[in-house]
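Trainee: Chain order of the listed sequences is G and C.
Per full-length UniProt numbering, residue 1 is the first one in the first sequence, and the count goes up by one each step.
Per full-length UniProt numbering, residue 1 is the first one in the second sequence, and the count goes up by one each step.
It is worth saying that the hints were derived from the structure and are not from the lab.
Predicted model only: the values in this text are computed from it and were never measured.
Even glycine gets a Cβ: it sits at the ideal position worked out from N, Cα and C.
Among the hints, erroneous ones may be present.
[Stated by the list, open to error] Straight-line distance between alpha carbons at most 25 angstroms, and here's what the computed PhoX-like set of lysine-lysine pairs gives:
| no. | chain 1 | residue 1 | chain 2 | residue 2 |
| --- | --- | --- | --- | --- |
| 1 | G | Lys-149 | G | Lys-8 |
| 2 | G | Lys-75 | C | Lys-44 |
| 3 | G | Lys-113 | G | Lys-75 |
| 4 | C | Lys-44 | G | Lys-73 |
| 5 | C | Lys-25 | G | Lys-80 |
| 6 | C | Lys-25 | G | Lys-73 |
| 7 | G | Lys-113 | G | Lys-73 |
| 8 | G | Lys-150 | G | Lys-6 |
| 9 | G | Lys-80 | G | Lys-113 |
| 10 | G | Lys-113 | C | Lys-44 |
| 11 | G | Lys-144 | G | Lys-6 |
| 12 | G | Lys-80 | G | Lys-149 |
| 13 | C | Lys-275 | C | Lys-172 |
| 14 | G | Lys-6 | G | Lys-85 |
| 15 | G | Lys-8 | G | Lys-85 |
| 16 | G | Lys-75 | C | Lys-25 |
[What the hints assert, rightly or not] Facing chain C, according to a computed beta carbon distance under 7 angstroms, are these residues of chain G, among others:
| no. | residue |
| --- | --- |
| 17 | Val-21 |
| 18 | Gly-24 |
| 19 | Asn-27 |
| 20 | Gly-28 |
| 21 | Asp-30 |
| 22 | Ile-31 |
| 23 | Ser-67 |
| 24 | Arg-102 |
| 25 | Thr-105 |
| 26 | Leu-106 |
| 27 | Val-107 |
[As the list claims (entries may be wrong)] Just some of the chain G residues that point at chain C, by a computed CB distance under 8 angstroms:
| no. | residue |
| --- | --- |
| 28 | Cys-26 |
| 29 | Leu-34 |
| 30 | Ala-35 |
| 31 | Leu-37 |
| 32 | Pro-39 |
| 33 | Arg-40 |
| 34 | Gly-64 |
| 35 | Gln-69 |
| 36 | Glu-104 |
| 37 | Pro-125 |
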Amino acid sequence: MSIIQKLKNTIRSRSIHVCYVNVGSCNGCDIEILACLSPRYDIEQYGIYVHNNPREADVLLITGAFSPQWEDKLKPLWEKIPHPKVAVAIGNCPISGCVFNRPETLVDPPVSKHIPIAAEIPGCPPRPTEIISTILSLAPLIFKDYEEKKQ
Amino acid sequence: MKKTVDISLPVGPVHPLFKEPCRIKCETRGEYVLSAEVELGYVKKGIERIMRGRPWQEVMFLAERVCGICSVIHNYTFIEAVEKISGIIPPERAAYLRVIVNELDRMQSHLLANYSYCYTIEHETLAMYVLNLRETVMDQLELITGARVTCAYIIPGGVRWDLPDDRAESLKSALDHIDSELTRFVRIFETGPFIALRSKGIGILTKEAAEAAYAVGPTARASGISVDCRSDHPTYQALGFSPVVRHEGDNYARIMARFDEVFQSVNLIRSALLKMQPGPVRGGGVIQAGSIQYRMEAPRGELLYDLVTDEYGRILEIAIQTPSIMNIQVCAHEMLTDAESAADITSIFISSDPCIACTER
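Isolated chain C, as found in the complex (with noise of 0.2 angstroms):
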């Protein structure tokens, strides 16, 4: 069948929505979008070029620059996979406040994606209660680990420091702060009539299709598969951990899917303060020669590091598999063809919750 193309219309690389760098090109007949392609490279900087042949102390802090938006886990998965390879157990307070910390980043991440969701369907109001909301997050990030986005906080053998019960007493009550607000906020969400016009039915991804182009993440989970790396993780199944399913595959799946998990991690994380007992959170240990691959759950989906190294700890070979860009390709090629309006296709975009900066490292 011939195809009419009207016009080829360029998004980007630099456009008001994005917050990275990217260029997305549709076919489009009239406002009906043909077919798109995502158009990668602007951020690249070679990181896993950089990280060969440098000792484990250096590579940590560059696992952790990968991605500024999800660094804790960038952190955790490296730690915990030079950690698999040495046979370093951490000690079981160190193993909870891991869980606390990738929660609570999990959580600003989350909270940022349906920020930019709200404020790209130009729901103003949303999108700066969720953003305020984050900061409260942010805060607790910055009294356990000492800083905002790149905390390093994770280290082989435990964590950098413990947590204090008065610092424990102030999470709590900033987890109960999250959880009364979040949750008149997801109602304004869900009974927003105008909200529901510009997501409901919208940039819809099948179980098939998520399934064929291997989608990971909340993407995924939100048509319908269960699949999370967390469910594999030993502190995550005493934690009795569980996915978040949805089923519709729509923009206000995915978005209600990343709330849901909000309320998962805040659970999460009160239940890890009260199976946490007192003891050293240093463990210690020395890094040797191995190989492995080794995959956690990155707020957008599955990470995998693979990863080899010699008896002084250096690293020879490092690649980085992140969950972004399957998640950009089933978007590009599953979600965004057949949308109806060029105006969807900001939010389309921006509801499958890309990191460029992941992406190309």
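For reference, chain G alone in the conformation it holds in the complex (with noise of 0.2 angstroms):
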């Protein structure tokens, strides 16, 4: 392993920057993710900081069972972020549309029909706990010797 693969493996594991975007959720999720937050659950001692800039980002949260706006808006803005990447679906909306996926709706679950998802928390909502220990247990996989991998 290269010096340099070892510094970057040492700085990711340590800053780990999040973007949500609510792609039609009732807000019960959002708020769960507002409130890890909180000096209670303190996600930034683990070095996990909420930026909600997509450009920025290294971890997306996706809330919400996909409303027809966001057909065109969701895939640009996964692209928008650098690599290296992932995305994690939060509460059963993006994996099975929960409630809302019943004859006469709007929306079209899952999300994974349109970006790749790493993972999914299910729950209505899930805990903010189960949210922190998602992102810290799937960060490593990821961006641990991410560019030696994708030699």
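Build the complex from these two chains, which are given one at a time in their own frames, with help from the hints.
Mentor: Following this line, the structure appears as structure tokens:
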């Protein structure tokens, strides 16, 4: 392993920038992501910073059951995120549509039809601790030795 | 008069300060905002279309998922509406327990709104204090109902579980903690000179404009309109409820109105705990055919459910009117117009506490 790769691994393990995007959720999952910021859970002690800016993000958290307005917006947003990147689906909605996936509905789940999803956290909504532990267990799998794996 | 527009400034839909996607399109001259328009439609799910023709047992959970922040009030309003149709009267203890859970939900919603505002004006310390205090409220909500956000605690004819004495004691000590901590935070907010610079006299909504645009909730009450649907509710009347009204009509008044309502909710829960007598919490009943318009006070203002049921308990027609749509309109057309700085656009918008998920459903 080259020195530069070691350096990148060290830095990336303590610096995860998160962006969240709501593609048609009821706000329940969004406020649980916000609750992660509170000093009780203290997401920043793990080096995770909720930036909410796609151009600086490493992890994209997706909530909601994919409403038609996002049809042409989510993929460009995903492409704006620099490599290495990973998308996590929060809650039942991006996985299956939850209660909204019924006849007459406007939503079009799952989100994995549109962008690659690396991890899914079921729950309506999942607890803040589950969100934090998922990001923490997923990040080393994706970001460690990223350049060497690509070769 | 000819208007000179420098640039059209779009804010959103994915913005660092917005919890939900929406787009504000502003026409600016320099930093001065000439006019603004809010573009919605990013989270439309068609909940009312899904609800039609389904039994109330399903619609009850769908109603709760109209909005995740104020889920209890949607549950409460829907259940009371079908109870009114069927002539079901809940036991007295259940009526007080409903008020306790509803007020806890209102507290967490208001604290979240004030957290967002403090974060928007870059007072991150106070924002984190308020967000941490919200976790205390969420703990109590979880202890009583069993879930943090979508708890489905209120059912026709009563509530799901009783409140045991040890949990009532823990609720009382949590209320004391919230009371003492929030007094400290409100003093920080009142006396902070930089908070005053970003809040006082910014985003003014006059009483006339609020009346003309049918503003509701804390946004209207901060402009001197005494409107609160809780005044008409029998359980709240028994607890001696009277609305909080402020007269300044600026960002500062809206945030302070919400802080005052949190204190008011603490007192309402305390008096409900005192008045509550031991007894049954589930009365039972059968949902019958009928139609009703029923309104209650959500954390953001008046919430209206207009529904028709049939004799099998199915929902034939339903229309929901949520409070945020009026507040978003009045925010775009009255408060944002003539804002002195582009930095105030987000803080004015957040101070009216918009809930996009409610609005679009």
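Trainee: Of the numbered hints stated earlier in the document, which are not met by this structure?
Mentor: No numbers; nothing is violated.
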